[in-house]
Amino acid sequence: MKLKQLEGYLGEVAAFKNPKVQLEQYPTTAHLAARVLYTAESTFGDIDGKAVVDLGCGCGMLSIAAAMMGACSVVGIDVDSDALEIAQENIEEFEVEEVVELMQASLCHEAASTGSLELDNQLVTPMKGKFDTAILNPPFGTKPGNKGIDVLFLQAACSMATGAVYSLHKTSTREYLVKKAEAWGFECDVLAELKFDVPMMYKFHKKKAVDIEVDLLRLQPKRKQV
Amino acid sequence: MRLITHNMLKCHVKNCDNPDKQFPLRFKGAELEQVEAERNDEFLVRMIPRLDWRALLVTTKELGIELPENIPEEPENDDAFLQALHTAILETHVKEGSMVCNGCSHEYKITKGIPNMLLAEHEI
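These protein sequence lines are chains A and B, in that order.
In this text, residue positions in the first sequence follow this note's numbering: the first is 1, and each later residue adds one.
In this text, residue positions in the second sequence follow this note's numbering: the first is 227, and each later residue adds one.
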């Protein structure tokens, strides 16, 4: 499928009806999803015939794009029932039920001792290495109580996928994430620099939306040195 | 939810840690739907080592789905095996019902094919 074709189809994917600010819900655009998945397959061969996981799938944009680029199996995971309801409708609309399934789960919880966020290892560890590729547009961790959630999502993705991880993160966190990736045994490349128009959604906020600089990262496990 | 995914779900309630009991999750009132999917043998063969075969056998028996006891020496050359595997893990969808932990009895509901793995405050 050509890029323009994919973007055209994805334009029909329904978005959140009432986005929840606390969950940092905003739709991944068809433009972005098409480019991420098209690149992942045409440049790197990471999608066709592969098992893909979409962490924080929201309304399913990335999952559907993955199915359209030939993934054999896609699992989209999200915490929010409302988003998953829309994702399910999208899956039926696009007739990709044979490839894409959804799961409602929270990847993180508050650590009992510190009160900061940590991965739910009992949930995530059994999924280790079950997928070839992970794709995600995770929450950035800008809302109260969510600090560090972007790193945790990326960490979970690196654990679940045996191959590549495609993820979107604030450019301001790039250096930190490259170091983290290194510590996890991964190479981290910046595939593209983007600008996200994120709606602020606070009633009394002056600006309606804010431009955030975002990196599209591709992580892959380092080859073992002989 | 397909069985390929059920095969990676363990009970994650706080303090539930008996490996024999918390996995696989036992289906209760499962409503199944067979959805035909294109078969990709390379994909199937690559997935085999990632499956917990013992658990898959327990689950397929529970649901009345055919699955050979043993993985053949050369699965890539065994059409009957690959077809059975394909049907079991990729074409069998659980639409409604719940998954029960044999250890702590927690029930994870499945609604419209979506399993709910969320826990209450005290279970985290």
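Calculated directly from the structure, the hints in this document are not laboratory data.
Careful: at least some of the hints might be erroneous.
[Stated by the list, open to error] Derived pair list, reagent style DSS-like, types lysine-lysine, alpha-carbon separation capped at 25 Å:
{"no.": "1", "chain 1": "A", "residue 1": "Lys170", "chain 2": "A", "residue 2": "Lys143"}
{"no.": "2", "chain 1": "A", "residue 1": "Lys17", "chain 2": "B", "residue 2": "Lys287"}
{"no.": "3", "chain 1": "B", "residue 1": "Lys240", "chain 2": "A", "residue 2": "Lys147"}
{"no.": "4", "chain 1": "A", "residue 1": "Lys17", "chain 2": "A", "residue 2": "Lys195"}
{"no.": "5", "chain 1": "B", "residue 1": "Lys247", "chain 2": "A", "residue 2": "Lys20"}
{"no.": "6", "chain 1": "B", "residue 1": "Lys240", "chain 2": "B", "residue 2": "Lys287"}
[Claimed, not checked] From the derived model, a few chain A residues whose C-beta atoms are all more than 10 Å from chain B:
{"no.": "7", "residue": "Ala105"}
{"no.": "8", "residue": "Ser116"}
{"no.": "9", "residue": "Leu194"}
{"no.": "10", "residue": "Val210"}
[As the list claims (entries may be wrong)] Restraint-style ranges between C-beta atoms, simulated for each label pair:
{"no.": "11", "chain 1": "B", "residue 1": "Leu344", "chain 2": "A", "residue 2": "Lys195", "range": "43 to 53 Å"}
{"no.": "12", "chain 1": "B", "residue 1": "Asn241", "chain 2": "A", "residue 2": "Tyr176", "range": "47 to 57 Å"}
{"no.": "13", "chain 1": "B", "residue 1": "Glu299", "chain 2": "A", "residue 2": "Val210", "range": "57 to 67 Å"}
{"no.": "14", "chain 1": "B", "residue 1": "Glu347", "chain 2": "A", "residue 2": "Thr125", "range": "32 to 42 Å"}
Beta carbons are placed, not taken as given, at the ideal position from N, Cα and C, and that holds for glycine.
Hints and how they fare:
1. Distance restraint check for Lys170(A) and Lys143(A): the Cα-Cα separation of roughly 14 Å lies within the 25 Å cut-off, and the hinted pair is therefore satisfied.
2. Using a Cα cut-off of 25 Å, the hinted pair Lys17(A) and Lys287(B) is violated, with the two alpha carbons roughly 41 Å apart.
3. Taking the CA atoms of Lys240(B) and Lys147(A), the gap is about 23 Å. The hint holds against a cut of 25 Å.
4. For a cut-off of 25 Å, the pair hint linking Lys17(A) to Lys195(A) stands: about 23 Å separates their Cα positions.
5. Proximity of Lys247(B) to Lys20(A) is assessed by CA-CA distance (about 37 Å); at most 25 Å being required, the pair is judged violated.
6. A hinted pair counts as satisfied when its Cα atoms are at most 25 Å apart, and Lys240(B) with Lys287(B) does not qualify at roughly 29 Å.
7. With a minimum CB-CB distance of about 4 Å to chain B, Ala105(A) fails to clear the 10 Å threshold, and the non-interface call is violated.
8. Taking the minimum C-beta to C-beta distance to chain B, about 14 Å, the non-interface status of Ser116(A) holds against the 10 Å cut.
9. Distance to chain B confirms Leu194(A) as a non-interface residue, since its nearest Cβ pair spans about 30 Å, more than 10 Å.
10. Even its closest Cβ contact with chain B, about 30 Å, leaves Val210(A) beyond 10 Å, as expected for a residue assigned away from the interface.
11. A C-beta distance of roughly 34 Å is found between Leu344(B) and Lys195(A), which places it outside the suggested range of 43 to 53 Å.
12. The supplied range of 47 to 57 Å is broken by Asn241(B) and Tyr176(A), whose beta-carbon atoms lie about 34 Å from each other.
13. The beta-carbon spacing between Glu299(B) and Val210(A), approximately 59 Å, falls within the hinted interval of 57 to 67 Å.
14. The given range of 32 to 42 Å is broken by Glu347(B) and Thr125(A), whose C-beta atoms sit roughly 22 Å from each other.
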